[in-house]
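Which chain is which? The protein sequence lines are A and B, in order. Those letters in the first sequence? Residues 1 to 319, per my numbering, in order. Those letters in the second sequence? Residues 320 to 638, per my numbering, in order.
Just so you know, the hints here were simulated from the structure itself, not pulled from any lab data. Even for Gly, the Cβ is constructed at its ideal location relative to N, Cα and C. Treat the hints with caution; some may be incorrect.
Facing chain B, according to a computed beta carbon distance under 10 Å, are these residues of chain A, among others [to be verified]:
| hint | residue |
| --- | --- |
| 1 | G228 |
| 2 | L231 |
| 3 | D286 |
Restraint ranges, calculated between C-beta atoms of paired labels, are given here [said to hold, decoys possible]:
| hint | chain 1 | residue 1 | chain 2 | residue 2 | range |
| --- | --- | --- | --- | --- | --- |
| 4 | A | A111 | B | R453 | 41 to 49 Å |
| 5 | B | R453 | A | A284 | 19 to 27 Å |
| 6 | B | A603 | A | R114 | 25 to 33 Å |
| 7 | A | L169 | B | D559 | 44 to 52 Å |
| 8 | B | N580 | A | E41 | 26 to 34 Å |
| 9 | B | Q516 | A | R55 | 37 to 45 Å |
| 10 | B | A490 | A | G32 | 34 to 42 Å |
| 11 | B | A603 | A | E58 | 35 to 43 Å |
| 12 | B | A601 | A | R134 | 40 to 48 Å |
| 13 | B | R556 | A | G208 | 24 to 32 Å |
| 14 | B | D559 | A | A284 | 26 to 34 Å |
These stretches of chain A come out as covered by chain B in the derived footprint (C-beta under 8 Å, 3 or more residues) [said to hold, decoys possible]:
| hint | segment |
| --- | --- |
| 15 | 63-69 |
| 16 | 141-148 |
| 17 | 164-170 |
| 18 | 178-189 |
| 19 | 264-275 |
| 20 | 289-300 |
Protein chains: 2
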Amino acid sequence: MSQPVDIAIVGASGLVGEALVEQLDECALPVGELHLLGSAEALGHSLTFRGRNLRVREVEDFDFAKVALVFFVQGSEAIFQRVQASERLLVDLSGQQSLPLLVPGWSAPEALARQVATPASSVVTLLGALAPIRHLLDLQRIVASVCLPVSAHGNAGVRELARQTAELLNARPLEPRLFGRQVAFNVFASDEHGFEQRIHAELLALLGQPGLPVSVACIQTPVFFGEGISLSLIGSRPVDMAAIENSLAGADDIDLITEENTPGVVEDAVGQARISVGRLRAVAHDPCSIDLWLVADGLKKGTVSNALESAELLIKHYL
Amino acid sequence: MSQPVDIAIVGASGLVGEALVEQLDECALPVGELHLLGSAEALGHSLTFRGRNLRVREVEDFDFAKVALVFFVQGSEAIFQRVQASERLLVDLSGQQSLPLLVPGWSAPEALARQVATPASSVVTLLGALAPIRHLLDLQRIVASVCLPVSAHGNAGVRELARQTAELLNARPLEPRLFGRQVAFNVFASDEHGFEQRIHAELLALLGQPGLPVSVACIQTPVFFGEGISLSLIGSRPVDMAAIENSLAGADDIDLITEENTPGVVEDAVGQARISVGRLRAVAHDPCSIDLWLVADGLKKGTVSNALESAELLIKHYL
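Using the sequences plus the hints, can you model the full thing?
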């Protein structure tokens, strides 16, 4: 279906919105008119699309009948309900709502619906790494420690880390704003904003293994972009490590790193469309389980790519 | 036994040596003469002990018969063998050698020997958190992700992070030296220096559960001091969470943090003698396991405190 599709983005200004517009410009979606919507401080911001400046307009005034598909990045409950009621095709990136989750490449065809949600970026990353090897494990438990970048809290998180870091390096008094605590040069376990609970719930829903014990720990780390996930996949059937390596190496969206220099978020994740998998290793005394380290650009590869691929599927199927 | 004990520290200049001298000054050990020993670049450094400046002397010239106890922080294999052969009481902090491990408060009395080793700081931290609750779990597996500070690589690591951070913040070209890569604002899985293997081997030796599956991942994070450990303790008998909380809360060297602000290395670990335990939680669908987050000053609480407590035991038992 290559008829141009008119699209609206609700909550277009901000890290996720900007990344979405940027990738929309580069991807194969047949975009007709693009409407950038927001409210309050967002109005007046403009983003570049196809060489033109597009202004963010007031979402309250917008008639969604004008478009075929909506990306809902952020916005009030009331706006969300209006979008839902408009019956436009909808991809929700906001994490607030309970539309069925869609992860192209993972979800079964029956998961397709006119209105879907994109899960947390860490979930997309984790399932991306699991997809090629799931059949090679008899999965009994997942333990994941997720190192979150400050960009998980948007542009405000990025500015906060830069400011705090400069304050500390220049021996100026620290004035924590966004996090209410020191985030520069610090690590702390974080369940603020319910990230962990969201990752946990979404993983269970998408794995389709109710009752699977899943331990998720989010750790706030002083990095700007990119997430690192320390992952243990615990099984009950002996694994074939060579087969696992081959499957990972052969997957389109995975870079399997086998050399000594392990993947880091800066070198291997930021701006990359692929998941980097490294430190794949057996667990001593347990032939059924494996440990690995993943890095990915949660913003680009996790959230935005998943949303764009979902939109492609929706357009192909429903328009 | 409160007769003064003459002590030598081999490899006294450097982060661990400095911390050891500082805590020796504050602790109850009946120190007589203190000899600071090192070689090459270390000579001429001086550290303060009991208000006096002590110079680091050439270890090659030193006759170990002058002292009753030696702390071996770092040094060549040849020096280590000379110290061993001197039959002085010995606490090895260097991690290089294979003396029996001693963790006071964990190790059984039979573990005591005239010459012992202190395990990796993360092992001391982990066992410190496990000690009060081990009897409340039927431990079947441990999964630990350890966020390492740059001080794990000594003063050079600390200087490297500061320098790289300043370079990046000031938009100057990055010149990685120590790590051979960007460590500022980056996270990467790290098995350099064999930290992971060491933690794994020492944990197994000290747990006394041969065949226990233990997954350890070390993550290099851009923090200066303090380690954070995301820990999953997987068991096979339903746990009593209230009993676990009580045991942790009642342990002398643990701060159990139950409020929303989770422990961070900066606020709760650095300079602290106690392990901070937070985010204690059950694992959904698995009543036999728990997840938790630990922070500790690996240098002060992990390595140095363990070495000093070991020395106290050795002095009490053998002098």
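Exercise. Starting from the hint list further up, note which numbers the structure goes against and sort them upward.
Key: 9, 12 and 15
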